[in-house]
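> Each chain, letter by letter, is given below.
There are 2 protein chains.
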Amino acid sequence: MKYGVAIFPSKTLQDKANSYRKRYDPHYALIPPHITLKGPFEASDSEIKTISEKLEQIALDCKPFTLNVLKVSSFKPANNTIYFKLELTPEIERLHHALNSKDFFEDKSEYAFVPHITIGQKLSNDEHSDVFGQLAMVDVAHEEQVDRIHLLYQLENGSWTVYDTFTLGEE
Amino acid sequence: MKYGVAIFPSKTLQDKANSYRKRYDPHYALIPPHITLKGPFEASDSEIKTISEKLEQIALDCKPFTLNVLKVSSFKPANNTIYFKLELTPEIERLHHALNSKDFFEDKSEYAFVPHITIGQKLSNDEHSDVFGQLAMVDVAHEEQVDRIHLLYQLENGSWTVYDTFTLGEE
Chain A
1 MKYGVAIFPS
11 KTLQDKANSY
21 RKRYDPHYAL
31 IPPHITLKGP
41 FEASDSEIKT
51 ISEKLEQIAL
61 DCKPFTLNVL
71 KVSSFKPANN
81 TIYFKLELTP
91 EIERLHHALN
101 SKDFFEDKSE
111 YAFVPHITIG
121 QKLSNDEHSD
131 VFGQLAMVDV
141 AHEEQVDRIH
151 LLYQLENGSW
161 TVYDTFTLGE
171 E
Chain B
1 MKYGVAIFPS
11 KTLQDKANSY
21 RKRYDPHYAL
31 IPPHITLKGP
41 FEASDSEIKT
51 ISEKLEQIAL
61 DCKPFTLNVL
71 KVSSFKPANN
81 TIYFKLELTP
91 EIERLHHALN
101 SKDFFEDKSE
111 YAFVPHITIG
121 QKLSNDEHSD
131 VFGQLAMVDV
141 AHEEQVDRIH
151 LLYQLENGSW
161 TVYDTFTLGE
171 E
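Heads up: the protein sequence lines correspond to chains A and B, in order. Quick note: the first sequence uses UniProt numbering, first residue 1, plus one each step. Quick note: the second sequence uses UniProt numbering, first residue 1, plus one each step.
The shape of chain A in the complex, shown without the other chains:
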């Protein structure tokens, strides 16, 4: 089974992201707007208990933190994904690190962690220039508190279901 760990931002920020995702993100219907903390990883059904306990400990060791949306950015030339760029604070970096270390299904990705909320992906080059050209100018500055993370698993149709929720800094 495929699992992942994510933050769902506030309704306000999700609604804003969805206003773009609706048009530009083919994953629009598969998962609400989110910040991926740990990309898809394989684990058996029987491992889920251990994963949950581990996540509870990681969440407990972190504190609620401020999320800052900075601007609309793009991963081009790596790919044509357009996203809300978030401030890389020590808190979110620490959380990401704990979730991808060798103690927890190590992620050996060669990419640096760029915290973001995807608003468009799998665009053609022309679409990308067009959409990014318009959105790069939009003021999306926004600040909110994050106090929880979610463990999700993927269904056969590609959509994601929440299995558990962990509050940061709380038993």
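Incorrect hints may appear among the rest.
Since the list can't tell identical chains apart, any single copy or any two copies may satisfy a pair.
Here are the simulated lysine to aspartate or glutamate pairs, EDC-like style, with alpha carbons at most 20 Å apart [said to hold, decoys possible]: (1) K11 x E42; (2) K54 x D147; (3) K122 x E47; (4) K49 x E144; (5) K49 x E170; (6) K71 x D107; (7) K85 x D139; (8) K22 x E91; (9) K54 x E170; (10) K76 x E53; (11) K49 x D147; (12) K108 x D147; (13) K11 x D45; (14) K2 x D15; (15) K76 x D130; (16) K63 x D147; (17) K102 x D126; (18) K71 x D45; (19) K11 x E47; (20) K54 x D107.
Calculated from the structure, these hints are not laboratory results. Since the structure is predicted, the reported quantities are computational estimates derived from the model, not experimental observations.
Take the given structure of chain A and dock chain B to it, following the hints.
Positioned in the frame of chain A, the structure of chain B alone reads:
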């Protein structure tokens, strides 16, 4: 903001439900397959803390229980919804009662609680006869354990995001 409380069954059962929902349920993309324990209710953003605490207490007072899928059934003539009918056990009835009592956003619905997983809705009468005629014969018998419930809120596009998860019978 609109909130609701639901159970997400296992991946196996969700995949089975989705194989029908994909074709027959226009809410397919808005929420994963679920059992509604408390239908949409309005609460302000500031009430969410109190709601969460209340739900934690309700979950704590309940124990994990067995979910039994009995057969495919329909709400016709009330409406054209087709669903997996679940056994009305004392445990799920108690949970539903606690979540809809006058202590917790009382639901004065005149309908009796019929625990179910919707697999088709908003069908025309002809579609309903057709689809229900086929599905009523399908053996969907299935049993699994339920040990958690989720509090969700609705986004502007009609989709639902999980806010919190509560484990039954556990602090």
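> If the cutoff is 20 Å on CA atoms, where do K54 and D107 land: within, between, both or neither? Let me know, please.
Within one copy, since 16 Å is at most 20 Å while 38 Å is not.
> With identical chains treated as interchangeable, where does the CA-CA distance between K2 and D15 reach 20 Å or less: within a copy, between copies, both, or neither?
Only across copies: K2 and D15 sit 14 Å apart there, 26 Å inside one copy, limit 20 Å.
> Taking 20 Å as the upper bound on the Cα-Cα distance, should K54 and D147 be classified as within, between, both, or neither?
both (17 Å within a copy, 19 Å between copies)
> Give the relationship of K63 and D147 under a CA distance limit of 20 Å: within one copy only, between copies only, both, or neither.
Within one copy only: 7 Å inside, 27 Å across.
> Taking 20 Å as the upper bound on the Cα-Cα distance, should K22 and E91 be classified as within, between, both, or neither?
Neither: 30 Å inside a chain and 40 Å across chains, both beyond 20 Å.
> Given a CA cutoff of 20 Å, do K71 and D45 count as a within-copy pair, a between-copy pair, both, or neither?
So K71 and D45 fail the 20 Å test inside a copy (39 Å) and across (26 Å) alike.
> How would you label the pair K11, E47 (within, between, both, or neither) given a Cα cut-off of 20 Å?
between (32 Å within a copy, 15 Å between copies)
> For K76 and D130, with the copy left unspecified, which applies at a CA distance of at most 20 Å: within, between, both, or neither?
within (13 Å within a copy, 49 Å between copies)
> Are the CA atoms of K102 and D126 at most 20 Å apart within a copy, between copies, both, or neither?
Neither. Shortest intra-copy (40 Å) and inter-copy (57 Å) distances fail the 20 Å Cα cut-off.
> Please sort K11 with E42 into within, between, both or neither, judging by C-alpha distance up to 20 Å.
Cα proximity of K11 and E42: across copies only (14 Å, versus 29 Å in one copy).
> Up to 20 Å between alpha-carbons, please classify K122 paired with E47: within, between, both or neither.
This pair counts as neither: shortest intra-copy Cα distance 33 Å, inter-copy 39 Å.
> Is it within a copy, between copies, both, or neither that the alpha carbon of K76 lies no farther than 20 Å from that of E53?
This pair counts as neither: shortest intra-copy Cα distance 37 Å, inter-copy 44 Å.
Hint violations for this structure: numbers 3, 6, 8, 10, 12, 17, 18, all remaining hints satisfied.
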